[in-house]
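Protein chains in written order, with our numbering: chain Z, 1 to 339; chain U, 340 to 720; chain F, 721 to 1108.
Heads up, some of the hints might be wrong.
Only pairs whose alpha carbons sit at most 27 Å apart, straight line, appear in this in silico BS3-like list of lysine-lysine [as the list claims (entries may be wrong)]:
(1) Z/163 - U/532
(2) U/539 - U/621
(3) Z/26 - U/700
(4) U/435 - U/532
(5) U/532 - Z/6
(6) Z/88 - Z/174
(7) U/700 - F/797
(8) Z/144 - Z/174
(9) U/641 - Z/171
(10) Z/6 - F/808
(11) U/539 - Z/165
Think of the hints as simulated: they come from the structure by calculation, not from any bench.
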Amino acid sequence: MGFLGKGLFQGMAVTARNFVGSYFDKERMVTVQYPEERVQVPENSRTFPFLVFDNTADHMRCVGCKICEEECPPQCIYIVMDRDENGKPLQRPKVFDIDISVCMQCQICVEVCPFEAIKMDNNYEKSQYDRFDDLVERLPDLLKSNEYYNHIKPAEASAVDAKLKAEADKKAKKAAPAKAAPKPAAPKPAAAPAPVAGRLVIPEDAPFTPEQRAWLAGFLSSAGAVAGPATAPVESAAVELPAVEEAAPDTEAAPAVDTPWHDPGLAMPQRMDLAKERPLADKLMAAMAQTDCHACGYDCRGYADAIAGGAESDLSLCLPGEGETAGMLEQLMKEAGKV
Amino acid sequence: MIQPVADTRPKGLIETETLEVSIGPQHPSTHGVFRMNATLDGETVVALKPVMGYLHRNHEQLAERMTWLGSMPYTDRLDYFNSMANNWAYALSVEKLAGIKVPERAEYIRVIMTELTRLLNHICLVGFLLQDLGAWGTPLLYAFREREKILDLFETVSGSRMMCNYFRFGGVRVDLDDKSLALAREITSKFPKFLDEFEKLLSGNEVLLARTQRVGILPKELAINASITGPMARASGVEYDIRKVDKYGLYGTLDFRVPLGEVGDVYDRYYVRVLEMRESVKILNQVLRDVPAGPFVAPEVKLRNFKVPAGDGYGRIETPKGELGFYLVSDAQGKLPYRYHVRPPSFINLTILEDMCLDHKVADVVIILGSVDIVLGEVDR
Amino acid sequence: METIYQLLQTWLPNLPEPIMRLISFAVPILFVISVFPGIFAYTTLIERKALGRIQNRLGPNRVGRWGLLQPIADGMKLLTKEDIVPRKADKFTHFLAPVIAVIPSVMLFAVLPVGSGLIPVNLNIGILFVFAISTGSVLALFMGGWASRNKFSLLGAMRAVAQVVSYEVPMVLAALVVVMATGSLSLLTIAQAQSGGFLNISNWFVFQPWGFVGFVLFMIGAMAESARTPFDIPEAESEIIAGYHTEYSGFKFALFQLGEYLASIALAGVTVTMFLGGYNGPGSHLPYVGWLISMGWFFSKMMGVIFIVIWIRGTWPRVRVDQLMSFAWKMLLPMSIINIFAAALYHFMPSKFLAWVVTAVGLLICWWGLAKLNSDGEIKKRTYRYAN
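Next up, chain Z with everything else stripped away, as it sits in the complex (with noise of 0.2 Å):
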């Protein structure tokens, strides 16, 4: 065990010129003093997903398809789509919960979205109190203006803003009758934000069946809804429970319509087994992505109309149902000898 002693004292050197150093030297002292200083985070930054509107907050972007509760790994994100009182879906979110202590930042849920609606925010002070509700995101909190994304995001936001125009631009040159303005335009029920926020939650270690669940979910969700449709009860069955998987997110059309299809969780087979005997317009229909989220300019019952009326004559507007709900149009449209 010995040694000369050389190797030693050019480490001490070293250190010795960091000590020093960092008086003077930027470089070698690295520390910012949070919370007096904070670090400039880059333009792309992420950390959890906020909705965008144009103008004022019920001008949201999102239409309520559901495609990033679909593609969203640790399902995080639950929706509800907002219906008037005959069921038929308007084209905006009701409920929007971000569990945000199970989202994994992982940004598919913003690539994913055909309606530039979800973005990714860069704020990463979220600590609250308690570790369950007060970490669950929901409508109003997520909200956030177009404004605000430009300012976080400007080079992001503007590319998204010449991307929007342009789409709207040339939607606006095909001028198609039955269409609103691009972005979702509901008829403003009358408090659609709040009573969104309260919500009843059942604990899980409640004593009851499932069948009792569903009921008592349904009663107090309908006993505290203000604008809620008739067909809330069914609705909620599935509102917080995990346990209740085999009920369908969105059974909304079930007992309004006679389309045992309008079901995004059915897939493309199921369905058109479904509408087998059906006339045309309904096995066009059968052939949509069944989210209703107005991204073709209709819903997926006025879009087969169209289609099948003439009315309408691009197969490749469904935006949820891409290439398999296209392909399947093309099908269905040449057997009917209609090209």
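Since the structure of chain Z is already known, use the hints to place chains U and F on it.
Same frame as chain Z, but now just chains U and F:
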């Protein structure tokens, strides 16, 4: 439970007892929740059994219920130090299975990111090794100072410092803009100077030499028989680097050397990594010089409803820790994986911990574990 | 103490005898009790800030401006912590160990000359007292480990005892050189022997070759005695958590830290006195203000030595326990014995200049030779080859 180990050594004149000690899972130096049941005779290790599984998060089964794209953020969290490298291994496996060709610009970007990750990982390892040796934080904090620069670059490019989720099948998620490229060039140009200062601090340090030479020797045949890969195998003299063997990505066209050690002790593993860092800087200089224009992702790949043809395949890359491989089986439907298996380098490299630690002191066990370079996210998945 | 007694007799001769004696006892005691723990408290802060600056970060700076109230905050925190004693521990030993750790360290300050003529107790066996007392703290290490009833603590305690006991031998032999040169064991006399010369500096023993080697050996021994890196095996955090003081919390832990740091400061003071000239420096011999200036020199030199110890802590990794023992017995011990011979040679050679050169060269050759003998040829820089 600690199982008593039969003591088969010849008995001396004095009766001694062995002491059974559990190092971990709560320990400052086990690099995560990891436990070793060590049987000690005085200070010498007689037997050592690693106990893993404290960080098991069921990654492989989770992937069976998510789409192919949905597993990508989870691969970031396997080896949480090198998220870009994990992403590449998974993307490579899926591309092999689905037959997707990656455009050239994307290949360049992938190599840049992975070599920067290699720099990150090796400098961290050196820092942590010295922390275990007892230099109270100084080399570690110098290493983290450099790591911060690279992490800031990752944040600029992909949005997140560690869990990047940057690679996609057929390319990368967003393009590398000029500002990020300039930042990458700046980091690469300053790195050799930092490495020189670091080596002056450490590599001649006699205490370091005395503590790490002839400690934890791994013979070459044992390394090959135990499927050890990565710098640990190369330090024992095994000439195996997947970048040279498989020539995936751009590595077939790049000019770099693979350093090898001879003895296979802790010092060799440490020094091979230092040399690999210099080689990585060389690769980065070559790649950063001319990144071609073009698409950054293969245009035919869809994000949603992405289907992979039926079959199985194994894709692997040389991550900084060793060979990370993904064995994927796709069924007829092709939307979700039927089976998804990860071959983690840290887990396989840990299997010979006992052989390396026998007849060493307790103090050496900690630094041998440090030189194996494990990350518990990978070991336990 | 005597200085104050004489001062009182000169300036206030009318005071009764017992009161003069009382004052001349009380003042040094108060001085030691207030100044040195204060130095300890601010040494912890200086260490944290210096280590921080070495590591490119700020040290503590939140509690009070520049962190100056940090030691008080630390003390308050440790005082208010719950005192946990393991259920099956030996309660009496558990209680006694920290106390025995502190007492010898405090007693060391009694023989430290802080200024010219200013020493609390001028024992004529000063150095012997220092070594005898500092050995007493070894007992505390072992008691701490044994009473905790914890395998890791016991391991740590055994290692600590082995380390402290083996490093005392070269330390004592290194100090012996100074005793030989001055012919007295009293620290005050040793300090006085280094006064005079050019600016009161050139007579320091560290500038002699045997003094320099003695200084290095004594510093290494002092670092090992107070368990500082690179010899901090007793509290090697990454291996056995905290060694012999794992099971101590609250004030008892504070007492262990106090004992260790005070020992380190006291041994730094002894090093300064023996090798670096003690309180001597330019201006320390002046008539009326000389004592104040000499006190200033003593404290600044002591803080300088402490700073070097902190600097070494921030740079070097830890030595393994068997390497530590072999370093002490195979390198340091022969070197210290050779150093004694070198000092004797220096003393008996006629020309001082020639003596200086000869002993310097001789010691260098011996150091190199010992290093060669001890290295088994395995520790060297290696070359690495590349594949294909």
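Each hint tested on the structure:
1. Z/163 - U/532: Roughly 45 Å between the alpha carbons, so the hint for residue 163 of chain Z and residue 532 of chain U is violated.
2. U/539 - U/621: 20 Å, holds
3. Z/26 - U/700: 42 Å, violated
4. U/435 - U/532: Violated. Residue 435 of chain U to residue 532 of chain U sits at ~39 Å, over the 27 Å cutoff.
5. U/532 - Z/6: Within the cut-off at roughly 21 Å; holds.
6. Z/88 - Z/174: This hinted pair holds, its Cα atoms lying about 25 Å apart.
7. U/700 - F/797: Judged against 27 Å, a Cα distance of about 36 Å means the pair is violated.
8. Z/144 - Z/174: 30 Å, violated
9. U/641 - Z/171: 24 Å, holds
10. Z/6 - F/808: 49 Å, violated
11. U/539 - Z/165: Not OK: residue 539 of chain U and residue 165 of chain Z at ~58 Å, beyond 27 Å, violated.
Hint check: violations occur at hints 1, 3, 4, 7, 8, 10 and 11; the rest are consistent with the structure.
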